[in-house]
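Enquirer: Given these sequences and hints, build the entire structure.
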Amino acid sequence: MIKLENIHKYYDHQHVLKGINLSVNKGEVVSILGPSGSGKSTLLRCINFLEDPSSGTVEISGKKVDVESASKTDILSLRTSTGMVFQQYNLFKNLTVLQNVMIGLTSVKQLNPVDAKKESIDILERVGLQDRLNHYPAQLSGGQQQRVGIARALALKPEVLLFDEPTSSLDPELVDEVLAVIKNVASEGNTMLIVTHELNFAREISDRVVFMESGIILEEGTAEQIFTNPRIERTKKFLSKAIR
Amino acid sequence: MDNLLDISFLIESFPIIVARLPITVGIAVGSMILSLFIGLATALIKIYQVPVLKTISSFYVSFIRGTPLLVQIYLVFYGIPKVIYYLQTEYGWLLNIDVNIIAPEIYALLAFSINLGAYLSETIRSAIESVDRGQFEAAKAIGMSPTQMMLKIIFPQALAVAIPNLGNMFISTIKDTSLVFIIGVIDIMGQAKILGSRGLAFFEVYIAVSIVYWILCIIVERLLVKIEKRARRYERGVA
Chain A
1 MIKLENIHKY YDHQHVLKGI NLSVNKGEVV SILGPSGSGK STLLRCINFL
51 EDPSSGTVEI SGKKVDVESA SKTDILSLRT STGMVFQQYN LFKNLTVLQN
101 VMIGLTSVKQ LNPVDAKKES IDILERVGLQ DRLNHYPAQL SGGQQQRVGI
151 ARALALKPEV LLFDEPTSSL DPELVDEVLA VIKNVASEGN TMLIVTHELN
201 FAREISDRVV FMESGIILEE GTAEQIFTNP RIERTKKFLS KAIR
Chain B
1 MDNLLDISFL IESFPIIVAR LPITVGIAVG SMILSLFIGL ATALIKIYQV
51 PVLKTISSFY VSFIRGTPLL VQIYLVFYGI PKVIYYLQTE YGWLLNIDVN
101 IIAPEIYALL AFSINLGAYL SETIRSAIES VDRGQFEAAK AIGMSPTQMM
151 LKIIFPQALA VAIPNLGNMF ISTIKDTSLV FIIGVIDIMG QAKILGSRGL
201 AFFEVYIAVS IVYWILCIIV ERLLVKIEKR ARRYERGVA
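Keeping their order, the protein sequence lines are chains A and B. For what it's worth, the working numbering labels the leading residue of the first sequence as 1, then goes sequentially. For what it's worth, the working numbering labels the leading residue of the second sequence as 1, then goes sequentially.
The hints are simulated quantities; they were obtained by calculation from the structure and are not laboratory data. This structure is a prediction, so every number in the text was calculated from the model and none was measured. There's no promise every hint is true.
Chain A regions said to be covered by chain B (calculated; three or more residues, Cβ under 8 Å) [stated by the list, open to error]:
| id | segment |
| --- | --- |
| 1 | 78-87 |
| 2 | 99-110 |
| 3 | 134-141 |
Calculated pairs, SDA-like style, for lysine to any residue (alpha carbon to alpha carbon, straight line, at most 20 Å) [stated by the list, open to error]:
| id | chain 1 | residue 1 | chain 2 | residue 2 |
| --- | --- | --- | --- | --- |
| 4 | A | LYS72 | B | THR147 |
| 5 | B | LYS229 | A | LEU95 |
| 6 | A | LYS72 | B | PRO146 |
| 7 | B | LYS140 | A | LYS237 |
| 8 | A | LYS72 | B | PHE136 |
| 9 | B | LYS152 | A | LEU111 |
| 10 | B | LYS152 | A | ASN112 |
| 11 | B | LYS140 | A | HIS15 |
| 12 | A | LYS93 | B | SER130 |
| 13 | B | LYS140 | A | SER141 |
| 14 | A | LYS109 | B | PRO146 |
| 15 | B | LYS140 | A | LYS26 |
| 16 | A | LYS72 | B | VAL50 |
| 17 | A | LYS157 | B | LYS140 |
| 18 | B | LYS140 | A | SER81 |
| 19 | B | LYS152 | A | THR106 |
| 20 | B | LYS140 | A | GLU159 |
| 21 | B | LYS140 | A | THR73 |
| 22 | A | LYS72 | B | LYS140 |
| 23 | A | LYS117 | B | GLU90 |
| 24 | B | LYS140 | A | SER41 |
| 25 | A | LYS93 | B | GLY134 |
| 26 | A | LYS93 | B | GLU235 |
| 27 | B | LYS140 | A | VAL65 |
| 28 | A | LYS157 | B | SER145 |
| 29 | B | LYS152 | A | LEU95 |
Far from chain A by the CB rule (all over 12 Å, computed), these chain B residues [what the hints assert, rightly or not]:
| id | residue |
| --- | --- |
| 30 | ILE7 |
| 31 | ILE16 |
| 32 | MET32 |
The beta-carbon is built from N, C-alpha and C at its ideal position, and this holds for glycine as well.
Expert: The following block contains the structure:
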């Protein structure tokens, strides 16, 4: 489904991704864990070219892109086949909840407004926000905003959903409502790649877990294996608060 | 004994001055609209660091900000006909234009647009750059083209930020249009001068014309408050 091969990323002289290989199968939920600055968000953002990867290949649904020679069309195709949920929600502030979800359908997929509206309302029902359609983002709580963010990503029916620390900016009491929605999205068979600090959540939701540090993948395995029996001491130490 | 003011002359001059209001408003509104395009183009050139064009546009902005508006009006008024005439005689270009019949209002509109465009350039650039980076990223991530991103997401938000500044500049422009009399445009100021010299009652007509400017600016300020409220409606945190 999605396959990253030998991804490198440099910021000037800083080498932040050092040859990442990672693949996610269709319907699989993979979490990327690791300390801050390990490069996990950068990795996610390299998949849809919000950061330009320095070298390597990105393959989604059989379409392989060499990042060094990626054309505008290649980048657009990577962006439309992925849906991203941001740490800071990044809802379009000048648009209502409904418009935020619709805009991708009308302007990117060229769907007519009537169908786009119907589809968007359906999706917003799935995240429990059907009664907030005409609110602006500033009128919503962080948890509600992030649920709109998830709805917006779902609307384009992407091959892969990318979650970049989706609960890290939320007040603690709002985290659960967002995690519940993500869990629900996972149970619908979506392919998902999640960068998170919610260790218990990652353990519960993931088919596989990847542990990253300093721009390399130190260890990967099933959620159960990584959390109960990590091979590497560093992983064990990092996960200790969750394993307890 | 002479009165301080010839009140009846003052009152009679009002309707004659107000009749010229369309010229004043036309130049102000017209140049505001044209200069928004100039300002937007130069702002985007600077943001995207377009080679060659960015040098030209920063030269333009620097020149306009460094010279008086009065001089710029003269430069346009005397320069453009000369340039057109030169192109006609030397290259046979622009032959369908008769430089002798171009209305001075057109030069005034051009001069004000060129002047205001340079000032708007910085306002618009900083407004666009004030939009949160996340808004750009979210638009890119769902696959919007740069044009869609700008038109649907970035410009509306930048506009809301820029409106107070744009409004102030518009009000300044309304008042600056009083300079156009020097190239023969009869705006409200021009009309006041004519009336004043006709009746030898300059104090009266300048009182009249200042009241007209004042009322015009008050109306515009009220409108701007409404426009700003509408442009920023999405920022209010309460439903």
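Enquirer: Taking the hints in turn, state whether each one holds.
Expert: Results for each hint:
Using a Cβ-Cβ cut-off of 8 Å, 6 residues of the segment 78-87 of chain A lie near chain B, which meets the minimum of three, so the contact claim holds. For the segment 99-110 of chain A, the stated coverage by chain B holds: 4 residues have a C-beta nearer than 8 Å to a C-beta of that chain, and at least 3 were required. Against chain B, the segment 134-141 of chain A contributes 5 residues with a C-beta closer than 8 Å to a partner C-beta. That satisfies the three-residue criterion, and the hint holds. Restraint check for LYS72 (chain A) and THR147 (chain B): the C-alpha separation of about 14 Å stays at or below 20 Å, so the hint holds.
Distance restraint check for LYS229 (chain B) and LEU95 (chain A): the Cα-Cα separation of roughly 16 Å lies within the 20 Å cut-off, and the hinted pair is therefore satisfied. At most 20 Å may separate the alpha-carbon atoms for a hinted pair to count; LYS72 (chain A) and PRO146 (chain B) meet this at roughly 11 Å. Proposed proximity of LYS140 (chain B) and LYS237 (chain A) is contradicted: the alpha carbons are some 37 Å apart, above 20 Å. With a C-alpha separation of about 17 Å, the suggested pair LYS72 (chain A) and PHE136 (chain B) falls inside the 20 Å cut-off, and the hint holds.
Of the pairs offered as hints, the one joining LYS152 (chain B) and LEU111 (chain A) holds, with about 16 Å between alpha carbons and a cut-off of 20 Å not exceeded. With a CA separation close to 17 Å, the supplied pair LYS152 (chain B) and ASN112 (chain A) stays within the 20 Å bound. For the suggested pair LYS140 (chain B) and HIS15 (chain A), the alpha carbons sit about 25 Å apart, so the restraint of at most 20 Å is broken. Our distance criterion of 20 Å between C-alpha atoms is met by LYS93 (chain A) and SER130 (chain B), whose separation comes to about 13 Å.
For the hint linking LYS140 (chain B) to SER141 (chain A), the alpha-carbon distance of about 24 Å lies beyond 20 Å, and the restraint is violated. Restraint check for LYS109 (chain A) and PRO146 (chain B): satisfied, since their Cα atoms lie roughly 15 Å apart, inside the 20 Å limit. Proximity of LYS140 (chain B) to LYS26 (chain A) is assessed by CA-CA distance (about 24 Å); at most 20 Å being required, the pair is judged violated. Of the supplied pair hints, the one linking LYS72 (chain A) and VAL50 (chain B) holds, its CA atoms being roughly 19 Å apart against a limit of 20 Å.
With a C-alpha separation of about 16 Å, the suggested pairing of LYS157 (chain A) with LYS140 (chain B) holds against the 20 Å cut-off. At roughly 12 Å between alpha-carbon atoms, LYS140 (chain B) and SER81 (chain A) fall within 20 Å of each other, so this suggested pair holds. At roughly 12 Å between alpha-carbon atoms, LYS152 (chain B) and THR106 (chain A) fall within 20 Å of each other, so this suggested pair holds. Between LYS140 (chain B) and GLU159 (chain A) the alpha-carbon distance is near 17 Å, which keeps this suggested pair within the 20 Å criterion.
Between LYS140 (chain B) and THR73 (chain A) the CA atoms are separated by roughly 13 Å; this keeps the pair inside 20 Å, and the hint holds. For the hint pairing LYS72 (chain A) with LYS140 (chain B), the CA-to-CA distance comes to about 12 Å; that is within 20 Å, so the pair holds. The suggested pairing of LYS117 (chain A) with GLU90 (chain B) is violated, with an alpha-carbon distance near 60 Å, which exceeds 20 Å. Of the pairs offered as hints, the one joining LYS140 (chain B) and SER41 (chain A) holds, with about 17 Å between alpha carbons and a cut-off of 20 Å not exceeded.
As the CA atoms of LYS93 (chain A) and GLY134 (chain B) are separated by approximately 10 Å, the hinted pair is consistent with the 20 Å bound. Proposed proximity of LYS93 (chain A) and GLU235 (chain B) is supported: the alpha carbons are some 8 Å apart, at most 20 Å. The hinted pair formed by LYS140 (chain B) and VAL65 (chain A) meets the criterion: a straight-line CA distance of about 18 Å does not exceed 20 Å. For the proposed pair LYS157 (chain A) and SER145 (chain B), the alpha carbon gap of about 18 Å is at most 20 Å, so the pair holds.
Between LYS152 (chain B) and LEU95 (chain A), the direct Cα distance comes to roughly 9 Å. Compliance with the 20 Å bound is thereby established for this hinted pair. Chain A leaves ILE7 (chain B) outside its interface by the beta-carbon criterion, the shortest separation being 52 Å against a cut-off of 12 Å. Annotated as non-interface, ILE16 (chain B) keeps its C-beta farther than 12 Å from every C-beta of chain A; the closest such distance is 46 Å. For MET32 (chain B), the condition that its CB be more than 12 Å from all CB atoms of chain A holds, with the nearest at approximately 22 Å.
In this structure, the hints that do not hold are numbers 7, 11, 13, 15 and 23, in rising order.
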